[in-house]
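*Asks:* Line by line, the protein sequences are chains A and B.
Letter 43 of the first sequence, counting from 1, is numbered 43 in the working numbering, and no numbers are missing.
Letter 77 of the second sequence, counting from 1, is numbered 1077 in the working numbering, and no numbers are missing.
Calculated from the structure, these hints are not laboratory results.
It is possible that some hints are incorrect.
Covered stretches of chain B (in silico footprint by chain A; criterion: 3 or more residues with CB under 8 Å from a CB of chain A, positions within the stretch not fixed) [what the hints assert, rightly or not]: (1) 1014-1020; (2) 1064-1077.
DEER-style ranges, computed between Cβ atoms [stated by the list, open to error]: (3) A:40 / B:1033: 26 to 36 Å; (4) B:1062 / A:157: 31 to 41 Å; (5) B:1033 / A:508: 54 to 64 Å; (6) A:367 / B:1017: 55 to 65 Å; (7) B:1019 / A:514: 18 to 28 Å; (8) B:1075 / A:497: 25 to 35 Å; (9) B:1017 / A:40: 53 to 63 Å; (10) A:367 / B:1061: 38 to 48 Å; (11) B:1015 / A:346: 47 to 57 Å.
For every residue, glycine included, the Cβ atom is placed at its ideal position computed from N, Cα and C.
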Amino acid sequence: MTGGRVLRRVRIAVAAIVLSGLLAGFLAGRHTVAARSAHLLASIQFVPSAVALATGSALSLGAVAIVVLTLLAGRVYCSALCPLGILQDLVHRLAHRGRPRIPPPRPGWLRAVVIGLVVAALASGGAGIALALLDPYSIFGRIAGDLIRPAVSSAANLLAAIGLPGLERSGVSWTTAGALLVSVAMLVLVTGFAAWRGRLYCNTICPVGTLLGWLAARSAFRLTLDRETCRKCAACLHVCKAGCIDLRRGTIDAARCVACFDCLGVCPDQGIRHRWTWRRRAPAEASSARRPVSDPARRAFVTRAGATLVSLAGGSVLLALASARRGSHSSPADGSRMICPPGAGDLERFLDRCTACHLCIAVCPTHVLQPAGLDQGWAGLTKPRLDYRASFCNFDCHACSDVCPDGALTPLTLAEKHRTRIGVADFTPEHCIVQVQHTDCAACSEHCPTKAVDTVPFGDDLRLPQVNSDLCIGCGACEYACPAKPEKAIRVTGRSPHGLAAERRELPATDPRPAGDFPF
Amino acid sequence: VLDAYHPMVRNGPRGKSADDLVEMRTLLASRDAVALDTAAARLLGLDPARVTYLRLAAEMGLGLNDLTQVDVRRIALSS
């Protein structure tokens, strides 16, 4: 087996490990090993790692390593590590079995528009929106967590229903409509492009692809066509999913090549090989330097620069509008129903850093974490928040902060989590069934893990809940348990920034048995 | 069978911390569920007469809530 074939197999093996490790976390995140493996693989992804490093929340060197790797050997990330890229390869393979592939077109202006929007977003403080919508890993996470997971459990339930042994029926949890729409739209876009034209998405829309492509065009080692051995049989052209090989000019566009090495696998003549290209002008560049001014490459550059400027301006306006909207939505009058997960710190910080990959949502054992729709403005779109209509936050759990790859959630110890106040409960006696229907209840107090909700005597034989907000951490156990309809009598409002609840220490309980240890 | 090894005596039913439990190291067993719960109420220092469901259960004929009519035996395991 030649070196090229080995490289291709290594790439496929690494991709298989990355895809299965991440899928394990998104599909079976309640198992510790699956969550750990997904966290590890998510933390080395380009955007999460860059966010964590840039915000100083973790010494996350994945992004740096990927930049170095790209400068050395091109867009290895895009084929071996990026789960969205790997997913596209699978889709493309299924859609194109045996059929020759067609080189995708090159809409350079679209690429410029998207990267312009991202730069504008980063500059105008709307980083959270752009990163959340365009980070390829996070797009994959949303597809896996919001679409593949419920589909897999539905399928398993169906098989269990027709009596396949070894399967248990489980609850299927579809995510909220607004966020689901975003995930479905991205799935349709990405898989549609992949089925149609291979890595078209990566080479036109994906900002990570654009950035790494720009670096890859300057990489040290790159694939080149060997003019002596290449017989222009076009075998490579038919398997290239990036459409980066130009046989007529004898060049390979390193900016678009995703380093899948499929061409190396099919080349019968070893006509493609890695070559050290630093300090050596590529033949194509050399010839273009001698071209006249009216050269199409220059015109394309001017068009692209123009498109970038226009989108920069447009993007800034859009993002300014979005942030103004966010400002009005996080006002305290709204009671802030955007209750951020423990470890988020405060709302603004969280919305800026979270890329909405939904790994925390996948590992949340109670399903209280649900992606927001547009109820918090564009900045909150598809980002996780606690929804106490769905469930409540388990007191003895900090799985979400453990798996966050962006550093948007700071990892908490259980002791810290026990005191982290993400919200505070408010009691409305006018809605409470103890007061309205004169019946026994105190479900809120029974479920309160900190005894922030206690009861006081009410009437002859009843007890009415009472909230000590100093002790409340806002976990929502009370709100979820409250049977009052249509309005719950106890509701949690979010706090930003998160605070620390007081702790009421009690002496160890004493044995209640009357004299003697056997009172019969 | 009723496990009273570590009964929770306050902040129930959820409890706040292990401080809400006491170590009783006791196990109750009976074929009369009402009598069993009556004995458990006594272990927790409660007056069974004030535990409504025990009275209701006894009235329905599900068992006895009067421990004087029950043969209670203790098996102590030395440790």
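*Asks:* Find the hints from earlier in the document that the structure breaks and name them by number, from lowest to highest.
*Replies:* Numbers 3, 5, 6, 8, 9 and 11 - these are the hints that the structure violates, sorted from lowest upward.
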